[in-house]
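A.B. asks: Each chain, written out:
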Amino acid sequence: SQQGEEDPQALSIQEGENATMNCSYKTSINNLQWYRQNSGRGLVHLILIRSNEREKHSGRLRVTLDTSKKSSSLLITASRAADTASYFCATDLTQGGSEKLVFGKGTKLTVNP
Amino acid sequence: DTGVSQNPRHKITKRGQNVTFRCDPISEHNRLYWYRQTLGQGPEFLTYFQNEAQLEKSRLLSDRFSAERPKGSFSTLEIQRTEQGDSAMYLCASSPIGPKIVQYFGPGTRLTVT
Numbered sequence: 001s002q003q004g005e006e007d008p009q010a011l012s013i014q015e016g017e018n019a020t021m022n023c024s025y026k027t028s029i030n031n032l033q034w035y036r037q038n039s040g041r042g043l044v045h046l047i048l049i050r051s052n053e054r055e056k057h058s059g060r061l062r063v064t065l066d067t068s069k070k071s072s073s074l075l076i077t078a079s080r081a082a083d084t085a086s087y088f089c090a091t092d093l094t095q096g097g098s099e100k101l102v103f104g105k106g107t108k109l110t111v112n113p
Numbered sequence: 114d115t116g117v118s119q120n121p122r123h124k125i126t127k128r129g130q131n132v133t134f135r136c137d138p139i140s141e142h143n144r145l146y147w148y149r150q151t152l153g154q155g156p157e158f159l160t161y162f163q164n165e166a167q168l169e170k171s172r173l174l175s176d177r178f179s180a181e182r183p184k185g186s187f188s189t190l191e192i193q194r195t196e197q198g199d200s201a202m203y204l205c206a207s208s209p210i211g212p213k214i215v216q217y218f219g220p221g222t223r224l225t226v227t
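In the order they appear, the protein sequences are chains A and B.
Sequential numbering from 1 applies to the first sequence in this note's numbering.
Sequential numbering from 114 applies to the second sequence in this note's numbering.
None of these hints come from the bench; they were simulated from the model.
Fair warning: this is a prediction, and the values are worked out from it, not measured in the lab.
Glycine included, C-beta positions come from ideal geometry on N, C-alpha and C.
Any given hint could turn out to be false.
Said to hold, decoys possible - Here are some of the chain B residues that sit facing chain A, going by a computed Cβ distance under 8 Å:
#1 Arg144
#2 Glu169
#3 Ile210
#4 Ile214
#5 Gln216
#6 Pro220
#7 Gly221
Said to hold, decoys possible - Lysine to aspartate or glutamate pairs mimicking EDC-like chemistry, simulated, CA-CA at most 16 Å apart:
#8 Lys105(A) to Glu157(B)
#9 Lys105(A) to Asp7(A)
#10 Lys56(A) to Asp66(A)
#11 Lys170(B) to Asp7(A)
#12 Lys184(B) to Glu165(B)
Just chain A, with the same shape it has in the complex (with noise of 0.2 Å):
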């Protein structure tokens, strides 16, 4: 079963507008990562945030974790069309020392040139 909810489903936008995807999971976590996924293709990582973190940024990406909501969103401020692309949010769990990422369903976002 997996983990985490985004939201929107989907996503469509102008060049240059900002993006917000955000991501709800429900168990306690160590990390919180947020990756993209080009049609048809494997994952590429985009940024991590710890749970003791409350925010993070990476050029045009910014991240925010409320753990006491658990929740987190992902901002990609001056979109582009090269931006299009499906972006998953995934958990590590704290229980059990387990390896694996748990991740939601993704939003696709579109980026309309």
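Once you have looked at the hints, place chain B on chain A.
C.D. replies: Same frame as chain A, but now just chain B:
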């Protein structure tokens, strides 16, 4: 190219046939993972190796599925007696030993069972 590679990229097979996929991780990575992704869903964890030891398996990995990493380098995932429900993208990822758990994914093998 020193990324994770997977072969074949696409596989079409008839129901009941056996298929085998191969994953070559990034050379210095000790950890190797297999995930399955169906259309419109996120990847779901199947199994995990540290070196040659298979340390974790999902309940999704039925007895028709077997994975190996015989020398702690490449890995194979075999599906016996394929079913239409096995149609999916099979993703391999690797990561180095260390506190971070960033995983580096290959391009995937898309399996279609007819």
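A.B. asks: Starting from the hint list further up, note which numbers the structure goes against and sort them upward.
C.D. replies: 3, 11
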